[in-house]
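S.K.: One-letter residues, chain by chain:
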Amino acid sequence: MTVLKTSMRNFFSHKGRMALSAVAVVLSVAFVCGTLVFSDTMTTTFDRLFKATASDVRVSPEAADNDDGDWGRKPQPTLPAADLARVEKVDGVKAADGEVANDAITVADADNDNLGSSTGAPTIGTNWDPLELESVEITSGHEPRGPTEVVIDADAADKHDVRIGDKIRTIADPGSFSSEVVGIATFKITNPGATIVYFDTATAQEKLLGKPDVYSSINLTAAPGVSHEALKANVQKAAADFGGDPLKVQTKDEVVEENKDDLGSFMDVMKYAMLGFAGIAVLVGIFLIVNTFSMLVAQRTRELGLLRAIGSSRRQVNRSVLVEALLLGVIGSVLGVGAGIGIAVGLMKLMGAVGMELNTADLTVNAATPVVGIVLGVVVTVLAAWLPARRAGKVSPMAALREAGTPGDRKAGVVRTVLGLLLTVAGGGLLFLTTRVDEASDGAMYLAGGVLLSLLGFIVFAPVLAGLLVRALAAGVLRVFGPVGRMAERNALRNPRRTGATASALMIGLALVACLSVVGSSMVASATEELDKSVGADFIIQSDMGMPIVPEVAEVLDDAPHMAHVTHYKALGADVTLPDGKTEKDYSLTAANKTYAQDLRSETVQGKLTDAYKKNSMSVGEDFAKDHGLKIGDTLAVDFEDGGRAELTLRAITSSETTLDSGAAYLSLATAKDYIEPGDMPHNEIMFGKAKEGQEEAAYASLKKAMDPYPQYEVRDQTDFKQTLKDQVGQMLNLVNGLLALAIIVAVLGVVNTLALSVIERTREIGLVRAIGLSRRQLRRMIRLESVVIALFGALLGLGLGLAWGTAAQQLLALEGLKVLDIPWPTIGVVFAGSAVVGLFAALVPAFRAGRMNVLNAIATE
Amino acid sequence: MTTAVAARTAVAARARQVTKAYGSGETRVLALDNVDVDIARGQFTAIMGPSGSGKSTLMHCLAGLDTVTAGRIWIDETEITGLKDKKLTQLRRDRVGFIFQAFNLLPTLNALENITLPMDIAGRRPDREWLDRVVGTVGLADRLKHRPSQLSGGQQQRVAVARALASRPEIIFGDEPTGNLDSRAGAEVLGFLRRSVDELGQTIVMVTHDPVAAGYADRVLYLADGRIVDEMWNPTSEQVLDRMKSFDARGRVA
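Residue numbers (my numbering), protein chains in the order written: chain A, 1 to 862; chain B, 1 to 254.
In isolation and in its complexed conformation, chain B is listed as follows:
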């Protein structure tokens, strides 16, 4: 694994001078304002910030779900800004994994079918051994034939995590993946994400406003008003909380 990582760049995704604006003229709102960011490979990055700070927009742009107004974004060595829908779709399918806050699964497919869906769509055979390992890791082996409606919220999110991991994407994006879960189920899911970074060498970017969730990350980026205003390495949830309090205080003063 080390050799594989060493052969490639240490940066999984890059954004340079990324601006995202909504509306025009008087009503123009900047969601992202000249953002530069590097997402390190094999790390767990959390993006934090208050509502409206642009954290979700940044993630959507990095993941190729949203277009930028200006600036350039790369995933690995591929520039995704300017790619046509077809290429973008392929990129998301083959190289990116997603975990959303809710509604991650197709209700008509069972857990296993949901997990293998991206590979099925691509017409690739899932790597049996890897799949078993992923399923084992998230502890779903006995639930594979269940439909989403027969699973608890925590189990559903674990299926989503398994799906994101199963196709071995270069990078996984999570949009508040534990936002809908109680603290125990949330801790479980975050634990899996952490282990997938440590044990499987996965790169993960997660948007959250929960300091506890951010505490699982290697690095936390703070966004405010569309700009990266701070970052923190190897944080604990207490440190994250303190930092956020200080932002809130500054915000109030401002």
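Looking at chain A on its own, in the form it has when it is part of the complex:
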């Protein structure tokens, strides 16, 4: 009981000193909880959407499995209208409505601007049927009637300023067509971002599916008293007698589940990535908490000695510190859970700004969220306080009588040095091995181990390195500031463990930033080099959303002027039976015009690439050939999905050391056409073009102009393409750095924390130097310089580690075509200089407070 009482008193009397540790706990817990709440809210939103848009029972063609690999590549499977009439008569059906939907369309306004979402949400064209009323209502105008009318959803209309009476153009598989907006449909639930256009049924059938009297699926409403399952069973029984293509019958729950599964993997990736970054912040926060408790214990040495002298046991002293940590953990975590909900709302607003609509009405806080948050916060805090608490328990009763704080533990220094060196050397060794392996899969293990061990090594070793590196940094940076710089240097060096831990926290975030920027810029450099070396095409036409090229656009491109050639590029699925008797199921083949051999000059290890485009010929990648012992002249039996069976001769084997089309198996489009009916042929994934000699500019201009009405496609020449690549990598790095910012913020708080507590600890020294004539300005500068040198030390460790990691990763990825190592020195330089600024910033408040200290109080402090 007394232990608890002293702990409580200590905690509240030192609450100022705990404040920043509490902030670190709050931030870490908040980010974790925010992520959970945000992803749960997304789940709720989609759940509600899927529930509102699913009928009691859905009947769809069996072939329409929700495999995204086939998205928009070929005309989607349909049901004949006769099926609707037949299903309608099944027992238990109250109503049956034919559904027409195509989610591989693009809608553009009169200015040819894409009305679709920019976040990857689909644009869906559908028929106006009774089920729609479950999720939307027409808030102005009227429903679509007749071939020229369309209704658009209110969110898309708002975002793109579409009004009733406007003309919009729909680009679908069968062709593009214009319609007049006659109504606006507003969602009654949250629509996270899909753009939806509604036509009357006949128009939708003809223009979206390309055939009259067919449906994508049939929505059934159960008669009163008939369960979804019973209805499903009835329909399945009846469907057995329909003949025709097999049908898939699903209850509402099954449809919702299927939709969620499709989305689930994407949401999981996002959730776990964010939790990963939260984890890094938690790790960084641990350093802050360890430092805080170490300093509190050091400052209270005499008090703890007194407690021991009057009879407290080691365990009691130890426990009193842990109880304080527990209090900190509980308070921080509870606040963190609250802040987490705030973060989730903030994230939702942020998503809203980039085009993904989420509604706070759907905010979902599962019971697990606060539990996870509080357990995490408390466990981490108490664990972090473990070592300082143990040290507190070791304080001898004699300490009460001694003047100064605890003497340094020399032996721990030796153990630390040896352990740190061992870990660092082991980590470095693994990183080096990473660069020497032949198989990427082996190297990944080495890389992971090397990263982990070198990180641990640096963390353990940082206090030892502090002596060396801080002195070096001071020689370069602080000496110019004379005695103030010297005092700052000595202050940074006086407790290497503290300086080391503070810098380590910063190191973690910066190491990741450096590593990723090395990998990112190596990616750009490698791809650019490869583009220069092997891409012969002048122009590349593709959709950034991964949408295949509809036939209408392929024709427009074929007819473009000034072109030497235009290449079609299709992905074909096939079961390939090899000479060794094995069959590769669903193997992906690339069918292209033979001009593709000029567009992408893939290197071969055997045979000539152009031969692969001869009749009944093909090529495979080096790895595939090795795995199956293939050689030039072998015959492969290729059973095309949606097509016939072909016997193709292997004419070339392409090198695997490339980032472009690595491992692709090529055959000519002409060969493919012999075995696949025109109606079953998938659309082009991407197209390439080469201008006639000397007409490059005219060709580029005419292609751009030709593609103007099709905003979903981009025409790029090589310069554009490289820039796009650079932009994409840059965006990805920005996103990751944005998430790492949290860890860096916590680390900066750690610097603030260390300085603030040091200032309190050095109250008397500050009073002394002020008394003998150090001006306020000089005092503040001294603290700022100490902060800068700690931050630079952390940056040096982090950048060094990050460069090593990045280089090892690049060397490993060189096996996958990432051949060029490009260290972005300007970025590294900016990060280093930025750290100095961060150091200055971190010192603002501690320096201000030190400057305000009353000289007399300072020297009077006992």
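Take these hints with a grain of salt, some might be off.
Stated by the list, open to error - Taking beta-carbon pairs under 7 Å as the criterion, some of the chain A residues facing chain B (in silico):
| hint | residue |
| --- | --- |
| 1 | 483 |
| 2 | 771 |
| 3 | 775 |
As the list claims (entries may be wrong) - Here are the computed distance ranges between Cβ atoms for each label pair:
| hint | chain 1 | residue 1 | chain 2 | residue 2 | range |
| --- | --- | --- | --- | --- | --- |
| 4 | B | 30 | A | 396 | 19 to 29 Å |
| 5 | B | 87 | A | 849 | 17 to 27 Å |
| 6 | B | 152 | A | 432 | 46 to 56 Å |
| 7 | B | 23 | A | 306 | 47 to 57 Å |
| 8 | A | 8 | B | 200 | 49 to 59 Å |
| 9 | B | 152 | A | 480 | 33 to 43 Å |
| 10 | B | 147 | A | 833 | 29 to 39 Å |
| 11 | A | 844 | B | 124 | 24 to 34 Å |
| 12 | A | 844 | B | 87 | 23 to 33 Å |
| 13 | A | 849 | B | 152 | 51 to 61 Å |
| 14 | A | 849 | B | 22 | 52 to 62 Å |
| 15 | B | 30 | A | 848 | 53 to 63 Å |
| 16 | B | 87 | A | 848 | 17 to 27 Å |
| 17 | B | 87 | A | 480 | 19 to 29 Å |
Keep in mind that the hints were calculated from the coordinates and are not lab data.
No residue lacks a Cβ here, since even glycine has one placed at the ideal position from N, Cα and C.
Knowing the structure of chain A, use the given hints to seat chain B on it.
M.R.: Only chain B this time, still in chain A's reference frame:
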């Protein structure tokens, strides 16, 4: 040296009608009550008095460490009451030396660095010859590279004395400079202070409650209840002790 002293006033520091009050209304406490005092140049002045008499407050005010409630203070011809922090800091740095009871030195700096710190802060080069003389006088020549933690308490105070002397301040203030030392080490430090007055012409003001320490001074000022109640010239420790006993007796009667 005589000419230099003659050119300036004979008074190193002056206080006129200095009052220092803490709190207000009912709880108002007067630490200094209309104190007038002149500190003579080139002399060793001791300020004595019982706990709570205001002796430390008087020293802090004279040294520009503390502000006064009323009254004016000069160091040499400079009035320090009303000076801004920046000017006060400069004054302390360039014209005043300090020796505190404990915690005089920065633990991160060695003895020599501690001694030259005020000049380093000011960006002045220490006068090599003078520095050697000061260091020699306090007998620290072989300890200059030691950190404070490697020095005994007496040695630490001698470093503090050397620091106070090194920048040749107009006046040195000592706040119980021997309070933490045993009698032998204390005698050593006091001996240096005495010699710096006699040989170097230094002005020193020292707060103490130790009659032995006061015995080294040229003049002793007695404070009680924030007022100067007595003074004594060229005292011996016995005389100081007797005088204090008589104050105690009077205090008891009162």
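S.K.: Of all the hints given earlier, name the ones this structure violates by number, lowest first.
M.R.: Numbers 4, 7, 13, 14 and 15 - these are the hints that the structure violates, sorted from lowest upward.
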